[in-house]
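Chains as they are written, first to last, in this note's numbering: chain D, 1 to 239; chain G, 240 to 648.
If you are wondering where the hints come from, they were derived from the structure by calculation, not from laboratory data. Using N, Cα and C, we set each Cβ at its ideal position, and we do this for glycine too. Please note: incorrect hints may appear among the correct ones.
If the Cβ cut is set under 8 Å, some of the chain G residues that face chain D in the computed set are [claimed, not checked]:
{"no.": "1", "residue": "A249"}
{"no.": "2", "residue": "E251"}
{"no.": "3", "residue": "T255"}
{"no.": "4", "residue": "T565"}
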Amino acid sequence: MTAALEAMVVEPAGESALLQLRGVTKTYLMGEITVQAVRGVDLDVQEGDYLAIIGPSGSGKSTLMHIIGCLDIPTTGTYTLAGIDVAGMGELQLAQVRNRRIGFVFQAFNLLPGMSALRNVELPLMYAGVSRADRRARAVRALERVGLGDRIDHKPNELSGGQQQRVSVARALVTEPDLILADEPTGNLDSASTEEILGLFRELHDSGRTIVLITHEHDVADQASRVVAMRDGQAEVVR
Amino acid sequence: MTWLETLRTAYEALNTRRLRSLLTVLGILIGIAAVILTVGLGQGASQKVTDQINKLGSNLLIVSPGSVTSASGVRGGRGSATTLTVDDAVVLSDPAVAPDIASVAPTSQSSVTAIAGNANWTTTAVGTTADWLTVRARTVTAGRFLTAADVASGAPVVVIGQTTATQLLGPVSPVGQTISISGQSLTVIGVLNVEGSTTGGDQDDLAIMPQTTYSARISTTANPRSVSTIYVQARDQGSLSAAYQETVAALLATHGVQPAAADFTVSSQQALVDTVTTTTRILTVLLASVAAISLLVGGIGVMNIMLVSVTERVREIGLRKALGATPSVILRQFLVEASLLGLVGGIAGLAIGLIGAAVLPGMLGQPVTISPIAATAALVVSLGIGIGAGVYPASRAAKLPPIEALRSE
Ligand SMILES: Nc1ncnc2c1ncn2[C@@H]1O[C@H](COP(=O)(O)OP(=O)(O)OP(=O)(O)O)[C@@H](O)[C@H]1O
Ligand SMILES: [Mg+2]
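My request is simple: use the sequences and hints to build the entire structure.
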């Protein structure tokens with residue numbers, strides 16, 4: 001492991017913001033047309049924050065979230081995660097950041113079909129190099145935490161939408177990441193399932209995790225301690 | 240991630256797409272089995288034909304007196320002249336003069352009347368040496384053939400063909416009987432195997448005796464040392480043309496003549512050999528092409544399945560990256576997957592090829608020769624295609640930012 005990687009895991013002194021975006025833009029080239037999905041966002045998220053991002057469809061919420069999750073790179077601007085500029089990271093470092101620091105909950109669940117809930121939740125631990133026995137124990141615990149202790153051997157197509165989303169929440173929190181990112185985690189769920197998922201996020205927030213969540217719904221945003229509204233690729237702090 | 244872990248992941252991924260994995264394995268299997276069997280059939284057929292020609296005595300050169308006189312190659316007076324002698328045969332037998340010649344059999348022959356008891360029969364008397372048997376690729380079914388001692392001493396012995404034996408002696412066992420040829424009493428010492436007729440006449444109606452016996456007792460020519468034909472056998476098919484050169488050179492030197500004035504003709508079953516060689520080469524090339532095409536088609540099939548499968552799995556690659564997989568870990572997974580498919584398909588293809596090679600000859604009556612080169616080439620090519628087609632698109636997908644991979648359909 002390189003020195004840079006070691007340094008990354010260590011908490012840098014004097015920086016309170018877990019993540020810091022400065023003038024971040026994202027431009028998509030569609031042949032002749034350029035689409036400016038994100039147009040200069042400045043955003044700080046402190047350790048332990050519970051931030052909701054709201055905004056109309058197409059306003060650039062997902063695009064911003066992917067940048068925060070290191071799944072995409074900004075066109076311009078700087079993104080600093082735990083004091084380290086993401087633009088300077090190589091593939092190995094990025095993989096490690098995605099693996100250790102970030103738990104991503106996708107709107108479309110993104111579970112691997114044909115694999116049991118348990119194996120799906122084990123995946124990030126496998127890439128982290130956790131031993132098999134340890135991995136299994138931790139994955140079972142994460143599934144129990146989201147209330148799926150009795151469904152560990154079910155495949156995604158044998159689970160309801162709400163249950164699948166809970167599996168993906170379990171997968172996001174199994175590595176105990178600092179940052180949990182959720183892109184409309186309740187978008188496809190009914191109100192009962194929505195309440196369960198939100199309950200989980202509240203618990204995670206109470207246990208000190210930093211959460212960034214995208215939503216359309218104001219009552220979901222109300223759960224968060226801070227709210228940022230996006231419009232036409234620009235972010236504005238609501239509270 | 241350890242290799243064992245990678246292996247498990249790859250197996251899991253293949254098991255999830257059981258039908259597709261099976262089809263890929265099938266594609267590789269068929270390609271390899273097809274190559275092994277088509278090349279095997281071609282080489283088997285080629286071998287069979289070559290064997291038949293060898294049985295006819297294909298490594299044979301025939302030296303006759305006289306020469307080619309006309310430009311069109313029509314031989315003038317071939318066999319009518321008496322320019323060849325047993326001394327020429329002695330020269331050709333010298334390994335220092337003609338290293339590519341295995342054996343030499345000078346022969347003289349004439350039509351004679353043979354008598355045994357009340358039976359009389361017109362047959363062909365042949366005076367030759369002990370080498371005749373190998374040169375003409377014959378065997379004896381009873382008794383023995385002429386020996387060098389028989390030839391040296393001019394022994395009154397004869398080896399007869401099956402037809403001659405039946406006509407003269409009927410059901411009586413011929414060996415030990417005495418027959419009379421042109422008034423000379425000769426003891427039958429052996430019977431030739433049954434060969435059938437060739438362009439040279441009934442090969443079962445012959446009376447073979449030592450060249451010395453023939454020239455002393457049967458021959459009617461002026462020079463008893465002259466012979467009508469010298470059969471020369473090359474060591475093998477490959478040395479035939481060298482043997483040809485050596486024969487011509489040795490005889491020109493011995494006779495002291497220029498090539499243009501050659502008083503002998505060396506011909507061979509070269510023409511037949513050439514035709515057959517060309518034919519079998521064409522056959523082998525044809526079958527190898529068919530095999531190569533089937534391998535190509537199989538390879539493209541495998542490539543297609545792999546490409547489609549990897550393209551479909553770009554989302555999976557994106558997700559794995561989002562969860563913390565490095566590009567090299569993803570590449571390793573796809574490499575192991577493609578190798579597993581290739582290995583299983585390759586081994587099954589080899590097995591089916593070998594089983595086919597064992598079973599087909601009985602069904603088709605055609606020999607199948609396994610060519611290790613073709614089998615190895617087939618294995619390497621299909622594995623190469625499978626792995627290349629599996630790993631290349633995966634490596635490209637592994638380099639994409641995860642979200643781009645995740646968004647692909
Ligand atoms: N890969 C892409 N290529 C081109 N344009 C894109 C791409 N991804 C997003 N966009 C464009 O960027 C803009 C923002 O998209 P984004 O997905 O961030 O919106 P969103 O706020 O998440 O919307 P929703 O609430 O519907 O999910 C949209 O106009 C979209 O068309
Ligand atoms: Mg979105």
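Against the structure, the hints:
1. Using the Cβ-Cβ criterion of 8 Å, the hint placing A249 of chain G at the interface with chain D is not satisfied: the shortest such distance is roughly 13 Å.
2. Taking 8 Å as the C-beta contact cut-off toward chain D, the hint placing E251 of chain G at the interface holds, the least distance being around 7 Å.
3. With 8 Å as the threshold, the beta carbon of T255 of chain G comes within range of chain D, its nearest partner Cβ sitting at about 3 Å, so the hint holds.
4. Because the closest C-beta pair between T565 of chain G and chain D is about 4 Å apart, less than 8 Å, the hint holds.
Against the hints set out earlier in the document, a violation occurs for number 1 only.
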